[in-house]
Amino acid sequence: MRAFMDHCARATGRVFPDPAAFHDFSVADYRAFWRLFLDWSGVRCDGSPDVVCTDDRVEHAVFFPNLRLNYAENLLSPAAGPDDATTAIVSCNETGETRSLTRGELRDRVGSLRQALGRIGVAPGAVVAALARNRAETVIACLASTGQGALWSSLSPDLGSDSLLSRFGQLGPTVLFVDAAHVHHGATKSVTDRIRALAEGIASIRHVVTLDDSVIEGLPGRVAQHPLSALLSTPAPAGLPWPRLPFNHPLFVLFSSGTTGAPKCLVHGHGGTLLEHLKEHRLHGGLGPADTLYFHTSCGWMMWNWQLSALASGATIVLYDGSVSFPEALALPALVDRLGVTVFGTSPAYIQFLRDAGAEPNGRLAFARLRAIQSTGSILYDAQYDWIKDHIKHVPVQSISGGSDIIGCFVLGHPLLPVYRGESQSVSLALDVRALTDRGRERVGRGELVCLNPFPSRPVGLFGDADGRRFHDAYFAANAGMWTHGDAIELTERGGARILGRTDGTLKVNGVRIGPAEIYSIVLGLPGIAGAMAIEQTAPAEPGGSRLVLLIVPAAGTNLDRPMTLAIKRELSRRASPNHVPAVIAQVSSLPVTHNGKLSERAAADAINGRPVRNIAALENPECLAAIAGHPALRLARPSDGAAA
Amino acid sequence: MSDTALRQLVIDWLDDNYHFGEAATVIGDDDRSFLKNGVLDSLGFVKLILHLETTLGVQIERKRLTPGTFDSLRSIVAHVSALPSYRGVPA
Chain B
1 MRAFMDHCAR ATGRVFPDPA AFHDFSVADY RAFWRLFLDW SGVRCDGSPD VVCTDDRVEH
61 AVFFPNLRLN YAENLLSPAA GPDDATTAIV SCNETGETRS LTRGELRDRV GSLRQALGRI
121 GVAPGAVVAA LARNRAETVI ACLASTGQGA LWSSLSPDLG SDSLLSRFGQ LGPTVLFVDA
181 AHVHHGATKS VTDRIRALAE GIASIRHVVT LDDSVIEGLP GRVAQHPLSA LLSTPAPAGL
241 PWPRLPFNHP LFVLFSSGTT GAPKCLVHGH GGTLLEHLKE HRLHGGLGPA DTLYFHTSCG
301 WMMWNWQLSA LASGATIVLY DGSVSFPEAL ALPALVDRLG VTVFGTSPAY IQFLRDAGAE
361 PNGRLAFARL RAIQSTGSIL YDAQYDWIKD HIKHVPVQSI SGGSDIIGCF VLGHPLLPVY
421 RGESQSVSLA LDVRALTDRG RERVGRGELV CLNPFPSRPV GLFGDADGRR FHDAYFAANA
481 GMWTHGDAIE LTERGGARIL GRTDGTLKVN GVRIGPAEIY SIVLGLPGIA GAMAIEQTAP
541 AEPGGSRLVL LIVPAAGTNL DRPMTLAIKR ELSRRASPNH VPAVIAQVSS LPVTHNGKLS
601 ERAAADAING RPVRNIAALE NPECLAAIAG HPALRLARPS DGAAA
Chain R
1 MSDTALRQLV IDWLDDNYHF GEAATVIGDD DRSFLKNGVL DSLGFVKLIL HLETTLGVQI
61 ERKRLTPGTF DSLRSIVAHV SALPSYRGVP A
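Chains B and R supply the protein sequences, listed in that same order.
Position one of the first sequence corresponds to residue 1 (my numbering), numbered consecutively onward.
Position one of the second sequence corresponds to residue 1 (my numbering), numbered consecutively onward.
Don't read these hints as lab results, they were simulated from the structure.
Hints may be right or wrong, so weigh each one.
As the list claims (entries may be wrong) - Derived CB-CB ranges, DEER-like:
#	chain 1	residue 1	chain 2	residue 2	range
1	B	Pro632	R	Gly21	19 to 29 Å
2	R	Gly68	B	Ala187	14 to 24 Å
3	B	Ala530	R	Glu22	40 to 50 Å
To be verified - Below, in silico cross-link-like pairs of lysine-lysine (BS3-like), each with a Cα-Cα straight-line distance of 30 Å or less:
#	chain 1	residue 1	chain 2	residue 2
4	R	Lys47	R	Lys63
5	R	Lys63	B	Lys598
6	R	Lys47	B	Lys189
7	B	Lys389	R	Lys47
8	B	Lys389	R	Lys63
9	R	Lys47	R	Lys36
10	R	Lys36	R	Lys63
Claimed, not checked - Residues from chain R that keep clear of chain B, each with C-beta distances beyond 12 Å, as calculated:
#	residue
11	Arg7
12	Asp29
13	Asp31
14	Gly44
15	Ser75
16	Ser81
17	Ala82
18	Arg87
19	Gly88
For every residue, glycine included, the Cβ atom is placed at its ideal position computed from N, Cα and C.
Please put together the full structure from these sequences, using the hints given.
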């Protein structure tokens, strides 16, 4: 950060007496900021960077329209230039097996796979999907596919078939990378049924590549199957050229659940993703070739893509495939210690698990190289900062928050600023983040998180949204001329921030965003159910600070009994994911609806969380809220004092 | 096993949170290891302990838990029912 600040001071002739002044410059003159950062970071590209941003309107702006680059090329040959013998990836699993790939090995394998993919038609315009474990093979597949100019989308094998089809089914992939099984908590679980369901349900799939070299029986006749090792068997010629693609060429599709309808397919571009991640890693995180980054994630979450990009900063990345708590509570801390991780990425839910388990990581482990801990997914409470300091290591704790929507962070760490409990240290450079209140767009205060200026990692658009109408409705309709994110934020006097929760009606439970529509599409198809409503209840004792509640109106003559309750949970776990399983299912006689017949999750959520119900006059049946709020099943149990022992 | 209500409490919790009606099948017999046989992972054990503490009003010392004392249905029931603060499963 300091080096780049000095670079900008020299280039502009300005003086930046402190980080706040530099942040102000980065926002007020964001074009100069991004041009300087592009040059300073040494991104490999060609074309002209002279036009930095075509429009001051965040919805319509296009960054670097005349620049061409390749995301994968920049990860494999970063400006920081670690040599080919340097470790790029360390891949681990529950058994303790550890495999490393050097930069040279990674580049060679990507080259071989790029060649092979080219022969089966993977080129700009192609869509590649992956249902895969978090291992080196998935990274090779991703970099080879995107290196060829294809659009990449990955999900993890714990998703059920309904969730997989509702996502990949929108994209029309021609190639599907798969692992035939995944291992969780010592048990190997087959994924082949879901692979067959995808191959049968998505007519565009022509090729299945098995990352674990397995053979999948029963695929449709139109699908050719390839073990990965066969595609890697022919070395690529030395100096295989990288296609240089337009800055905004589609790179990744990430999924974001909304309140209704299928999940949104967010398309992110090569240049925006690369530049934003380089900024977050090198400036806010201080990452470089001496670092080893381990962010616990799966390849279905944007943190997988975010961590992958750290290769472009010259860092080594660690991939862990398996349960966080197998074979013991200290499995991940032991990994951090053993591999010499310098930056460990985790979540409040995981920190709470360690605390509830009575774990004492620093009683057994030295964490000699650990210099920072990052946390995301949900609010990191003040007490958790203290617990990390007392039980892991006294290092900066960076609470970061953003979303798949921007494949990055709105608020995150800062190497030149102190850490205050409960706060993210700073707003992301060059992003004009404000709290929108009745008084306007505040730099300090609590309100709706909005961003006023263009930023490169704004999605290119939504997949299949040719006229941009859905993109506009999702992020720009609520407040004209600004990006509305769907989070409530508090911006503090000292430049820090706290994310306070969702404002858009989506649920965030255990750090995972859940769209109620996905729950309804399964539950309302089950026998004996006339109505359903999924809401989030604040529950401080739960990991992430909340729990998922499902209200059920049974069909006439039916009651919600234990077999029905278990059946609902079983179907949601199997067809959606374990994260979609409610903590509580409660029978009610009616659900709140508006005068135009629309269910009001917001009213029910206000009621069960003890808040005044907003806009109660809009409800047809406000009298049902008292019964919902007073439902005995929704009473929160007080955690025992023994939990802190 | 002496405390059938406590045993059923554990099975019901496993059904409600992990196995959705199939807990008895997954458990197999009362002496099978939960950890080794995919009944519960370490994360789940922590949640079970919190549930037992909250529901039964007991305190379970984490440091006294070992695979021998808290990793099968029988050993979990035996450990909890031997706690001085244990007063049975509430109605």
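Right, here's what the structure says about each hint:
1. Pro632(B) / Gly21(R): 19 to 29 Å: With Cβ atoms ~23 Å apart, the hint holds.
2. Gly68(R) / Ala187(B): 14 to 24 Å: holds (22 Å)
3. Ala530(B) / Glu22(R): 40 to 50 Å: violated (27 Å)
4. Lys47(R) / Lys63(R): holds (16 Å)
5. Lys63(R) / Lys598(B): Roughly 52 Å separates the two Cα atoms, so the pair is violated.
6. Lys47(R) / Lys189(B): holds (23 Å)
7. Lys389(B) / Lys47(R): holds (24 Å)
8. Lys389(B) / Lys63(R): Judged against 30 Å, a Cα distance of about 21 Å means the pair holds.
9. Lys47(R) / Lys36(R): holds (18 Å)
10. Lys36(R) / Lys63(R): Judged against 30 Å, a Cα distance of about 20 Å means the pair holds.
11. Arg7: For Arg7(R), whose nearest Cβ neighbour in chain B is about 17 Å away, the distance exceeds 12 Å, so it holds.
12. Asp29: With a cut-off of 12 Å, Asp29(R) remains clear of chain B, as the shortest Cβ separation is near 18 Å.
13. Asp31: holds (18 Å)
14. Gly44: violated (8 Å)
15. Ser75: It holds; Ser75(R) is separated from chain B by about 17 Å at its closest Cβ, greater than 12 Å.
16. Ser81: holds (16 Å)
17. Ala82: Fine: 16 Å to the nearest Cβ keeps Ala82(R) off the interface.
18. Arg87: holds (14 Å)
19. Gly88: holds (17 Å)
Hints 3, 5 and 14 from the list above are not met by this structure, while the remaining hints are.
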